[in-house]
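One-letter residues, chain by chain:
2 protein chains.
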Amino acid sequence: MTNPAPAVLQWLSSNKDRGTRFLQRLVQEGSIRGKESQAQALIIEKCRKLGLSLDIWEIGDEVLFKHPAYCSDRKDFSGNPNVVGVLKGTGGGKSLILNGHIDVVPQGNMEDWEDDPFSGKVKDGRLYGRGSTDMKGGSVALLYALEGIISSGVKLKGDVIFQSVIEEESGGAGTLAAVIRGYRADGAIIPEPTNMKLFPKQQGSMWFRITVKGRSAHGGTRYEGINAIEKAVLVIHKLQDLEKRRNEKMVDPLFKDIPIPIPINIGKLQSGEWPSSVPDQAVIEGRIGVAPSEEMKQAEKELMDCLEELTADDDWFKLHPPQVEWFGGRWQPGSLEKDHPLMNTLSENYEKMVGEKPKIEASPWGTDGGILTNVGSTPVVVFGPGVTEVAHDADEYIELGEMFRAAEILALTILDWCGVDTKAEGE
Amino acid sequence: MTNPAPAVLQWLSSNKDRGTRFLQRLVQEGSIRGKESQAQALIIEKCRKLGLSLDIWEIGDEVLFKHPAYCSDRKDFSGNPNVVGVLKGTGGGKSLILNGHIDVVPQGNMEDWEDDPFSGKVKDGRLYGRGSTDMKGGSVALLYALEGIISSGVKLKGDVIFQSVIEEESGGAGTLAAVIRGYRADGAIIPEPTNMKLFPKQQGSMWFRITVKGRSAHGGTRYEGINAIEKAVLVIHKLQDLEKRRNEKMVDPLFKDIPIPIPINIGKLQSGEWPSSVPDQAVIEGRIGVAPSEEMKQAEKELMDCLEELTADDDWFKLHPPQVEWFGGRWQPGSLEKDHPLMNTLSENYEKMVGEKPKIEASPWGTDGGILTNVGSTPVVVFGPGVTEVAHDADEYIELGEMFRAAEILALTILDWCGVDTKAEGE
Numbered sequence: 005m006t007n008p009a010p011a012v013l014q015w016l017s018s019n020k021d022r023g024t025r026f027l028q029r030l031v032q033e034g035s036i037r038g039k040e041s042q043a044q045a046l047i048i049e050k051c052r053k054l055g056l057s058l059d060i061w062e063i064g065d066e067v068l069f070k071h072p073a074y075c076s077d078r079k080d081f082s083g084n085p086n087v088v089g090v091l092k093g094t095g096g097g098k099s100l101i102l103n104g105h106i107d108v109v110p111q112g113n114m115e116d117w118e119d120d121p122f123s124g125k126v127k128d129g130r131l132y133g134r135g136s137t138d139m140k141g142g143s144v145a146l147l148y149a150l151e152g153i154i155s156s157g158v159k160l161k162g163d164v165i166f167q168s169v170i171e172e173e174s175g176g177a178g179t180l181a182a183v184i185r186g187y188r189a190d191g192a193i194i195p196e197p198t199n200m201k202l203f204p205k206q207q208g209s210m211w212f213r214i215t216v217k218g219r220s221a222h223g224g225t226r227y228e229g230i231n232a233i234e235k236a237v238l239v240i241h242k243l244q245d246l247e248k249r250r251n252e253k254m255v256d257p258l259f260k261d262i263p264i265p266i267p268i269n270i271g272k273l274q275s276g277e278w279p280s281s282v283p284d285q286a287v288i289e290g291r292i293g294v295a296p297s298e299e300m301k302q303a304e305k306e307l308m309d310c311l312e313e314l315t316a317d318d319d320w321f322k323l324h325p326p327q328v329e330w331f332g333g334r335w336q337p338g339s340l341e342k343d344h345p346l347m348n349t350l351s352e353n354y355e356k357m358v359g360e361k362p363k364i365e366a367s368p369w370g371t372d373g374g375i376l377t378n379v380g381s382t383p384v385v386v387f388g389p390g391v392t393e394v395a396h397d398a399d400e401y402i403e404l405g406e407m408f409r410a411a412e413i414l415a416l417t418i419l420d421w422c423g424v425d426t427k428a429e430g431e
Numbered sequence: 005m006t007n008p009a010p011a012v013l014q015w016l017s018s019n020k021d022r023g024t025r026f027l028q029r030l031v032q033e034g035s036i037r038g039k040e041s042q043a044q045a046l047i048i049e050k051c052r053k054l055g056l057s058l059d060i061w062e063i064g065d066e067v068l069f070k071h072p073a074y075c076s077d078r079k080d081f082s083g084n085p086n087v088v089g090v091l092k093g094t095g096g097g098k099s100l101i102l103n104g105h106i107d108v109v110p111q112g113n114m115e116d117w118e119d120d121p122f123s124g125k126v127k128d129g130r131l132y133g134r135g136s137t138d139m140k141g142g143s144v145a146l147l148y149a150l151e152g153i154i155s156s157g158v159k160l161k162g163d164v165i166f167q168s169v170i171e172e173e174s175g176g177a178g179t180l181a182a183v184i185r186g187y188r189a190d191g192a193i194i195p196e197p198t199n200m201k202l203f204p205k206q207q208g209s210m211w212f213r214i215t216v217k218g219r220s221a222h223g224g225t226r227y228e229g230i231n232a233i234e235k236a237v238l239v240i241h242k243l244q245d246l247e248k249r250r251n252e253k254m255v256d257p258l259f260k261d262i263p264i265p266i267p268i269n270i271g272k273l274q275s276g277e278w279p280s281s282v283p284d285q286a287v288i289e290g291r292i293g294v295a296p297s298e299e300m301k302q303a304e305k306e307l308m309d310c311l312e313e314l315t316a317d318d319d320w321f322k323l324h325p326p327q328v329e330w331f332g333g334r335w336q337p338g339s340l341e342k343d344h345p346l347m348n349t350l351s352e353n354y355e356k357m358v359g360e361k362p363k364i365e366a367s368p369w370g371t372d373g374g375i376l377t378n379v380g381s382t383p384v385v386v387f388g389p390g391v392t393e394v395a396h397d398a399d400e401y402i403e404l405g406e407m408f409r410a411a412e413i414l415a416l417t418i419l420d421w422c423g424v425d426t427k428a429e430g431e
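So the protein sequences, as listed, match chains D and E.
Take 5 as the starting number for the first sequence in my numbering and just add one per residue.
Take 5 as the starting number for the second sequence in my numbering and just add one per residue.
I should point out that these hints are in silico values taken from the structure, not numbers from a laboratory.
These numbers come from a predicted model, not from an experiment.
Note that CB positions come from ideal geometry on N, CA and C, so glycine has one too.
Heads up, some of the hints might be wrong.
As the list claims (entries may be wrong) - A few chain D residues facing chain E, derived, Cβ under 7 Å:
{"#": "1", "residue": "G223"}
{"#": "2", "residue": "I233"}
{"#": "3", "residue": "V237"}
{"#": "4", "residue": "N269"}
{"#": "5", "residue": "G276"}
{"#": "6", "residue": "P279"}
{"#": "7", "residue": "S280"}
{"#": "8", "residue": "S281"}
{"#": "9", "residue": "E289"}
{"#": "10", "residue": "F321"}
{"#": "11", "residue": "P325"}
{"#": "12", "residue": "P368"}
Assemble the whole structure, with the sequences as input and the hints as a guide.
Here it is as structure tokens:
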């Protein structure tokens, strides 16, 4: 068998029930933050059956905590490990990281769900439940592709490093820990829900909190106070200007169809305690998008500079400048050349299976790809089944057909990228 | 004794310790909402000693609840009565209501106070504690003036109706209940802290809550959503326009030194739950000032109309118009002619004691005067010791000298307004 692809595709076509059942079990172990262990146990069991070399460890040592890219408010990682399973190649091929996160966002309001949020129910070709799209469907596609290759007796030349990490939804400490542990490769694929588009570039983002001071007064003599809400509106307008200026610089054709490539989102505004008092403080929280090729520090600086401009123009702000905190989430941007060999391999196999060229875009959100690229020097493409729109919503689901189609494309890409050892194969 | 004034003033001058001690005890019984009974007990004791006819009753019957001016979220009034003490005149004089509220606002943050908020501590001529200025100092001035008159053996022709009511800080249900019970008079004085200015007119006010809808989206694709904070800013700008238009109509010379006679205050804005989500709802709370001569309904209508204008101009609002609720506090405005006989009497006696004409202004806040005037058809002047600035703040205090000066002016005004029965006096 010089070309193992037909046999692998045949296996993938014949064992879909197995893939569906595995996803179902994985969704049913609702792995919200701090409760990832049961879902990881299923991953470990699967890796063991596939014969991968397992590396299971609790993250959270001093090296991680002191790393400049570390971002987490979690105090306790015990009992909820990172899992890496390595399929060692026979040598002479390129290595590939296959990265998926096991953590899911909370289910939100139970009443918004038609079924139990962790039902794993299958209906009309869709599998329902929190995490089905983001991104257990993607992780199952990875493992199912690997299972197809291994079950077909194929031996790869390059190493495949499958990673099931925690903490992606909260700043990427799991992937960062894996990079620090030494996992790097010639390429990486992260099957986040891209709706089967290829994302060589990803928007990064950071959260900010801006505290704006006012001066309290009775509402009946409001002219004796300074209304913090009115001052916060000035800050918002200034941030809108900044967003406009930053996006005018985004000339990469990948963004040509995106109205605002790197948005600044005003997500929260809290001010005041009493209808008839002038509020003396307003707190704005939001996120600033970071361009794929931009340093996080640069985006930080531009926001700080624009607030300094505002302060210089306003007598009240001169005395009480808005205070900025960078808190909570930080997602590194990622950027890969559009014609990188990994992009080409993935595109060719997409075309082979789908019959047309894939859509290539930039993602509007950060992934762990930013850490793999910027810290781990590993080229990353984000590509996977499922649509973002349902990802953090009630009644989250994944189209199973798409998940299996992704697995086929991933399997062919693994074969091409890592290379097949035709000698070993026959043994 | 044809002119009893010198004797009354002599008594008032000689018994200040008694007045101070009474205020001290009254402040020490911190009568926040729902806990007015102990302070009312002291008032009752004082009225009894003065020989007033007492009327003590728990408010809260169906007539009150169904009255159009009723405004309260309090469910239980039991155990915390209204108190009225009447000094019946011998006949032929004008009657006078002396109205003070016993309820005080909460102490706020304990750590902001130098002493216990209910210490009643006297230092450098000031008596400290929650309610000292707003308005137990005023009520003590009333009772001390009455005590001076009664102790000097003076008999008045007209009735004096002293009222110690609950609920002023929460919408005026106490005074409304007294009006419904039948208490009306030819004039009324309310010694709220006006800093010894005469307020023939008072600004009324109402609270509003405006709920603005948006559409949620991920912050990275914020252009797919509608940011409720941005839409709320449009509402705020529209309210600012309305405030401007309403105040341009305020040509009464009483307001000539007031930058914004009837302000619209944006007191609170709450929106969003997550920095990187587009918020789908914003809630604005505020208060709209009501002009002294304006109907509450008119102010309501102008606010509703301005939001309808906004809705007509905005495609999103056409589908999702801002929702208005009128909730919580409502304070009726009050208005008396500047040359009303009660104004003249009070002014003359002020000039007599202080040596210059009083300042006459319009109050920037509502008082129970609005209810006395609009529901009880009783002409009201608001005049009292203490300054608004410290009223709801930590370390609230009253200048005792000012309280006693107010008592003198009030005593002389009672004598003039009600008239002295020189025949009965000698008996």
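Cross-check of the supplied hints:
no. : hint : verdict
1   : G223 : holds (3 Å)
2   : I233 : holds (5 Å)
3   : V237 : holds (5 Å)
4   : N269 : holds (3 Å)
5   : G276 : holds (3 Å)
6   : P279 : holds (4 Å)
7   : S280 : holds (4 Å)
8   : S281 : holds (6 Å)
9   : E289 : holds (4 Å)
10  : F321 : violated (18 Å)
11  : P325 : violated (21 Å)
12  : P368 : holds (4 Å)
Of the numbered hints listed earlier, those contradicted by the structure are 10 and 11.
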